[in-house]
Each structure stands twice: as structure tokens, then as C-alpha cells.
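K.L.:
Turn these sequences into a full structure, and let the hints steer you where they fit.
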Amino acid sequence: MSYFREEEARSIIRDAYGKVRSDGAAVAEAFYAPEELDRLPRGAIELALGVGHPVRHAGLQPGEVVLDLGCGAGIDTLLAAFAVGPQGRAIGLDMTPEMAERTRRHASAAGLANVEVREGLIEEIPLPDASVDVAISNGVLNLSTRKSRVLAETLRVLRPGGRVSLSDLVLSEALPEEVLKSPAALAG
Amino acid sequence: MLLKKFFNVGFADIAVVERKPFGLKDLARYPLFTKEFLDFLATVMPAHRHEELVFSIVVTARKRTAC
Numbered sequence: 001m002s003y004f005r006e007e008e009a010r011s012i013i014r015d016a017y018g019k020v021r022s023d024g025a026a027v028a029e030a031f032y033a034p035e036e037l038d039r040l041p042r043g044a045i046e047l048a049l050g051v052g053h054p055v056r057h058a059g060l061q062p063g064e065v066v067l068d069l070g071c072g073a074g075i076d077t078l079l080a081a082f083a084v085g086p087q088g089r090a091i092g093l094d095m096t097p098e099m100a101e102r103t104r105r106h107a108s109a110a111g112l113a114n115v116e117v118r119e120g121l122i123e124e125i126p127l128p129d130a131s132v133d134v135a136i137s138n139g140v141l142n143l144s145t146r147k148s149r150v151l152a153e154t155l156r157v158l159r160p161g162g163r164v165s166l167s168d169l170v171l172s173e174a175l176p177e178e179v180l181k182s183p184a185a186l187a188g
Numbered sequence: 001m002l003l004k005k006f007f008n009v010g011f012a013d014i015a016v017v018e019r020k021p022f023g024l025k026d027l028a029r030y031p032l033f034t035k036e037f038l039d040f041l042a043t044v045m046p047a048h049r050h051e052e053l054v055f056s057i058v059v060t061a062r063k064r065t066a067c
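Note that the protein sequences, when read in sequence, are chains B and Y. Going by the numbering used here, the first residue of the first sequence is number 1, and it counts up by one from there. Going by the numbering used here, the first residue of the second sequence is number 1, and it counts up by one from there.
Derived by calculation from the structure, the hints in this document are not laboratory data. Remember, predicted model here, so these are calculated numbers, not experimental data. Check each hint, because a few of them may be wrong.
[What the hints assert, rightly or not] Pairs of lysine-lysine residues, derived as BS3-like cross-links and limited to a Cα-Cα distance of at most 25 Å, are as follows:
1) Y:K5 with B:K147
2) Y:K25 with Y:K35
3) B:K147 with Y:K35
4) B:K181 with B:K19
5) Y:K35 with B:K19
6) Y:K35 with B:K181
7) Y:K4 with Y:K20
8) B:K19 with Y:K25
9) Y:K4 with B:K147
10) Y:K5 with Y:K20
11) Y:K5 with B:K181
12) Y:K4 with B:K19
13) B:K181 with B:K147
14) Y:K4 with Y:K25
[What the hints assert, rightly or not] Over 10 Å on every C-beta distance to chain B, these chain Y residues come out as not near it, computed from the model:
15) A47
16) H50
17) E51
Using N, Cα and C, we set each Cβ at its ideal position, and we do this for glycine too.
P.N.:
What follows is the structure in C-alpha cells.
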């Protein structure tokens with residue numbers, strides 16, 4: 001259950017993620033190996049906002065098409081693009097224009113020509129049925145008020161036999177209502 | 001709950017491949033959270049949950065070949 005209506009939640013999240021700035025690497029360093037970070041532009045590292053390393057568990061193979069649901073500044077999209085190589089493709093999808101632009105810029109800075117970025121909703125993925133081999137996502141599903149819809153859309157765009165690797169935060173015990181009602185908690 | 005959602009929409013081979021506690025110190029790494037918000041959480045959350053507010057997990061699953 002969410003205390004926020006769908007559009008209200010989107011507005012809070014777009015605002016928070018559009019404005020976020022960082023000059024540290026604490027999040028990235030908590031999840032990614034130094035040799036992975038060495039390949040990435042500083043901006044992608046500093047704006048890593050995920051909660052795990054879904055690429056590590058995705059078993060990506062050269063030539064595969066990967067979709068990053070809620071790509072943010074692109075750290076996982078870029079790592080996926082390196083893993084699938086020039087014959088493959090990594091598609092970053094984000095509803096926040098500033099984040100989509102950051103991923104484009106970071107892919108270009110990393111010299112990756114196999115990254116494609118789309119602006120759109122993870123509840124309405126702008127891709128055809130059965131067009132993706134692997135879907136990844138990092139700390140994004142919890143931001144949606146329609147999680148089952150996101151998963152159904154993910155299933156739709158995956159090819160038969162396609163895989164998903166998703167990092168997220170889950171509760172073991174309920175949070176107090178005052179936390180659940182907080183826009184700051186929603187955006188995080 | 002999350003795994004059930006994966007199952008209900010039709011995913012197969014659903015597995016939790018990582019599960020780690022995520023506490024206030026972890027949240028403090030994120031530029032999304034202000035000091036005021038972290039202080040608010042520290043106040044409203046019982047002390048025994050400060051190191052385990054939530055869990056970070058990685059879930060993997062597969063679309064059935066005959067779907």
C-alpha cells in the first residue's frame with residue numbers, strides 16, 4: 001500500500017532525482033569492484049543510487065539485449081553495455097529527463113556506442129513484446145506504486161527464456177506510518 | 001511479498017540470490033537523504049532496527065520458454 005497517488009509519487013521522485021547532486025563515490029564503492037569503476041566516467045560513479053549489483057547476477061552474454069529499468073545516471077546500463085559488447089545493446093529507461101540525459105552523456109564519455117536511452121515509464125515500457133534478453137533494475141521497483149504492473153511489463157518485453165536480475169529494498173518488519181507518509185522516504 | 005508478485009505475473013525460477021541488512025549507516029551514503037531526514041528516522045525507528053531498517057535483495061527470475 002502507498003500513501004501517495006501514482007502521479008503524486010512520480011512528481012516527488014522526478015523532482016528528487018532530477019535535482020540530486022553528488023561529488024562522492026560512497027554508494028558505488030559499496031557495491032562495485034574497483035576494476036568495474038575504473039571503466040566508468042566519474043559522473044556515473046558519483047550518481048550511483050542503487051542498492052545492489054544486478055549486473056553481477058544477470059549472466060550477461062555477448063550479443064544480448066539488456067534493458068535497465070530506471071537507469072538513473074547509467075552505472076548499470078554502462079556495465080551491461082560492456083558485458084554484452086558491440087554486438088549487443090543496453091537500453092536505459094528512465095522517467096526523469098535529467099537522468100536519461102546523464103546516461104546518454106556517460107555512455108558517450110565511456111565510448112559506448114551500444115547504449116540506447118529512452119525516456120519513459122517502467123509501468124509502460126516503450127518497447128515491443130519479446131524484444132529483450134535480460135532486464136535489470138537497481139533500487140527502482142520500490143519507487144513504483146504499481147509494482148505488479150512493472151513486473152508484468154517486464155515479462156512482456158522479455159523474450160521466452162529471458163532473464164531478470166533486480167536489486168531492491170524490502171521490509172522485514174513494517175515501518176512506522178510517519179515514515180511511510182514521508183516524501184523523502186518515498187524518493188529514497 | 002515481492003517474490004509473490006514475480007510468481008503471480010508469471011515468472012519462473014524465482015530466486016533471492018543476495019539478501020543483506022540495510023540500516024541508517026547505509027542510507028547515509030545516499031545524496032538523496034538529508035541529515036534532517038536521517039535524524040528523523042533515527043528518532044522514529046527503534047534502536048534495534050537502526051542497523052536493519054530494510055533488506056537489500058537481488059532477485060533473479062526467468063520468463064518461461066512456452067509463455
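K.L.:
Sort out which numbered hints this structure fails and list those numbers smallest first.
P.N.:
Violated hints: 3, 12 and 14; rest satisfied.
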